[in-house]
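Trainee: The chain contents come next:
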Amino acid sequence: MNVTIKLVGIFKIDRFKDAVREYPSGICVREVVDELRIPTHLLGTVLINEIHAGVEDVLVDGDTVCLLPFIDGG
Amino acid sequence: MKSFTSDPASEPSSVLYSRCTVDLRSGKIHREDVPCRNLEDVLGGFGRSFQILAERNINHAYCEENPLIVNTGLLTGSSAMTGLRTYFSGYSPLKESKKSLPAAMWSTGSGNFGAKLKWTGLDELIFENRSTTPVYAVIRETAEGPLVELKPADHLLGLSTHEKIMALHKEYGSAHFAAIGQAGEQWENVYMGAVALSTDNQLKSGEDKMRFAGRGGMGSLMGYKNLLALVAQSSDKIKPLTPEVKKVNINVVKGGGAGRLLPISRGGGGGTWAAYDVLQTFHAVPVNNFRPQGNNEPEKLFREHVEKQFVIKSEACYRCGITCHNNVHEKSEDGSVGRFLAKFDYEPLNLLGTNIGLHDAAQAASLIHTCDNYGMDSISLGVTVSYLLAYNERHPERPLLNGAVFGEYAKIKELITQAGLGNLPEIGRGSKRLSESTGETSYAYHVKGLEIAAYQPETNPGYAWAIAGGHMSMGTYGLLTREGKSDMESWVQGITRDKLQIVGFDMIGLCKFFDITKGICTQMVVDCLKSEFGLDITIENLAASVRRAFLRGLALELRQGYEKAEYTLPAEVWERPNPNIKLPNITHPEFIAELQKRVWEIFEPELDGLLPQE
Numbered sequence: 000m001n002v003t004i005k006l007v008g009i010f011k012i013d014r015f016k017d018a019v020r021e022y023p024s025g026i027c028v029r030e031v032v033d034e035l036r037i038p039t040h041l042l043g044t045v046l047i048n049e050i051h052a053g054v055e056d057v058l059v060d061g062d063t064v065c066l067l068p069f070i071d072g073g
Numbered sequence: 000m001k002s003f004t005s006d007p008a009s010e011p012s013s014v015l016y017s018r019c020t021v022d023l024r025s026g027k028i029h030r031e032d033v034p035c036r037n038l039e040d041v042l043g044g045f046g047r048s049f050q051i052l053a054e055r056n057i058n059h060a061y062c063e064e065n066p067l068i069v070n071t072g073l074l075t076g077s078s079a080m081t082g083l084r085t086y087f088s089g090y091s092p093l094k095e096s097k098k099s100l101p102a103a104m105w106s107t108g109s110g111n112f113g114a115k116l117k118w119t120g121l122d123e124l125i126f127e128n129r130s131t132t133p134v135y136a137v138i139r140e141t142a143e144g145p146l147v148e149l150k151p152a153d154h155l156l157g158l159s160t161h162e163k164i165m166a167l168h169k170e171y172g173s174a175h176f177a178a179i180g181q182a183g184e185q186w187e188n189v190y191m192g193a194v195a196l197s198t199d200n201q202l203k204s205g206e207d208k209m210r211f212a213g214r215g216g217m218g219s220l221m222g223y224k225n226l227l228a229l230v231a232q233s234s235d236k237i238k239p240l241t242p243e244v245k246k247v248n249i250n251v252v253k254g255g256g257a258g259r260l261l262p263i264s265r266g267g268g269g270g271t272w273a274a275y276d277v278l279q280t281f282h283a284v285p286v287n288n289f290r291p292q293g294n295n296e297p298e299k300l301f302r303e304h305v306e307k308q309f310v311i312k313s314e315a316c317y318r319c320g321i322t323c324h325n326n327v328h329e330k331s332e333d334g335s336v337g338r339f340l341a342k343f344d345y346e347p348l349n350l351l352g353t354n355i356g357l358h359d360a361a362q363a364a365s366l367i368h369t370c371d372n373y374g375m376d377s378i379s380l381g382v383t384v385s386y387l388l389a390y391n392e393r394h395p396e397r398p399l400l401n402g403a404v405f406g407e408y409a410k411i412k413e414l415i416t417q418a419g420l421g422n423l424p425e426i427g428r429g430s431k432r433l434s435e436s437t438g439e440t441s442y443a444y445h446v447k448g449l450e451i452a453a454y455q456p457e458t459n460p461g462y463a464w465a466i467a468g469g470h471m472s473m474g475t476y477g478l479l480t481r482e483g484k485s486d487m488e489s490w491v492q493g494i495t496r497d498k499l500q501i502v503g504f505d506m507i508g509l510c511k512f513f514d515i516t517k518g519i520c521t522q523m524v525v526d527c528l529k530s531e532f533g534l535d536i537t538i539e540n541l542a543a544s545v546r547r548a549f550l551r552g553l554a555l556e557l558r559q560g561y562e563k564a565e566y567t568l569p570a571e572v573w574e575r576p577n578p579n580i581k582l583p584n585i586t587h588p589e590f591i592a593e594l595q596k597r598v599w600e601i602f603e604p605e606l607d608g609l610l611p612q613e
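Protein sequence lines, in the order shown, are assigned to chains B and V. Each residue of the first sequence is one higher than the last, beginning at 0 in numbering that gives the first Met the number 0. Each residue of the second sequence is one higher than the last, beginning at 0 in numbering that gives the first Met the number 0.
Misleading hints may appear alongside valid ones.
Where chain B lies over chain V, by a calculated footprint (3+ residues, C-beta under 8 Å) [to be verified]:
id	segment
1	267–273
2	277–290
3	472–481
4	509–522
Hints listed in this document are in silico derivations from the structure and should not be mistaken for laboratory results. Ideal Cβ positions, reconstructed from N, Cα and C, are used throughout, including at glycine.
Generate the whole structure from the sequences, applying the supplied hints.
Mentor: Right, here's the structure in full:
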């Protein structure tokens, strides 16, 4: 299945900004995060189709996943 | 601090803290050991200072009875990482209720001053009354204990924060400094004066890399008292690292406590600047006075674009491994590091950049630098300027001051410079007073008289219950954007239970980046207290003490005339809902009304007995 992945901030470094990628059906967000080697302690928010989601959520064909770093105030 | 118990939660009076009271009018100085009343006194910071403020009835910030309290937290000057905090407390010239009564306020910063103050042997300084002539105070470690002296400060008058610090540095070796700028000296027209705190990096490099206690105008209160600077002179007394504290410090940096704030080159997120990218995903980066426009303009100040033009040095506070500072320097032709321009944190960068229509890093850096050197709070300054620009945009036929509108760098710089010199009380006295003078209050982005931070109010109704302004005294700023919580239960729980715990850092002497999501009620803090002082304080003791201190702050607000209707957001949020923000709407009037009802139902019964009887 095809899933659009959007990466924000530091996650883009040495990766990409957005890309359509092919995954086996039934894959969850955590597996995408692992595949992209995104450090989990930096992962703040997951959006699936612009809605907040969790890393255990299962993806379906055509989904758009956005991975955002943690924010810590300022 | 002297402790004759290992259980200060049960026996607080067996812990004595060292206080020096300085009467600036008479020059009389009195030092004493004061027994703690409760665990808040033991922990220190605002937990202690607010109890002192609660004993006084103050109707105007600029009166002799309003003290300036300078204190530290229990872990300030300890070997626990980030233990550098100094707290400045008093009734605020800036934050006031609609009844025009000043609110109790604290402000805090790092730098090395706090540790030096602690190492002189003092835990607290109270400045009473005001001096008739400009003075500075020297706090010195001597064989007989801490010694405090007042010295003439005429030679410091008119100098910037950095210039004052460097002038004193020439005179006092092994010392660190707290100083106001010209803004604080012009306290009558500037209510948002900040206190600058010197850093090792600043004193060694000569570059103006200070830290600030900015919020609430504590620098203006210092200026009113004619107290231009503080000098803390002592030898360094940091204890050797114990295995327990070493483990905690490693955990702070590597275990997730603050790992996200490390430099990108060390596998971190690169400090608070990273918030730009995240919030832009939701079109929730403040633009043009908190009106995000759904476009890409904020991206111009993303780090990835700025670092093409400038050198960004990752630097740290003294002995801190987090290294969260992003110091922006000019890039020389050969790519080497040039002149220091400014420190880019999310708040000042946004509020003196994107939110006033400036998307050029050099221009934003120049304004941050100007603000810091005059010694103003960048949040209050930026938000007051953005209000003025919004007013001028709405009223081109009768603009205020020099008629500046969003994006007009030269005119904005002139406004900031003149405000810093005390020539523009319209700006220097903050957005509440300015908007009340124009009669257009709905788009003045303050809550309870204190300007909000660079998180859209649409994303944070918790602002209403922040007791010291912005987001750092109510940690709900990420509840919607980061955690995706838009239901009432989550917000009630967040405000009344979990997120208020953020203020614990402003008691104990640690920076919030020690572990911003979990607060101080953790085994890491318990281990530090045991190892450094032999104190057995449980997580539950800490949580109860932080909660009492927070609620005391709320009770003090109510005593200073705040009405429940003031626990709300700027009205523009629901009068002109912003369709560009891509998040659920949790700030419509019905949600706010229900939230107010539910939150007060929990808080109100707990407020009894927290303040002294009248």
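Trainee: Confirm or reject each hint.
Mentor: Evaluated hints:
1. 267–273: holds (count 6)
2. 277–290: n = 3 at 8 Å, threshold three: holds.
3. 472–481: holds (count 5)
4. 509–522: holds (count 4)
When held up to the earlier numbered hints, the structure conflicts with none and fits them all.
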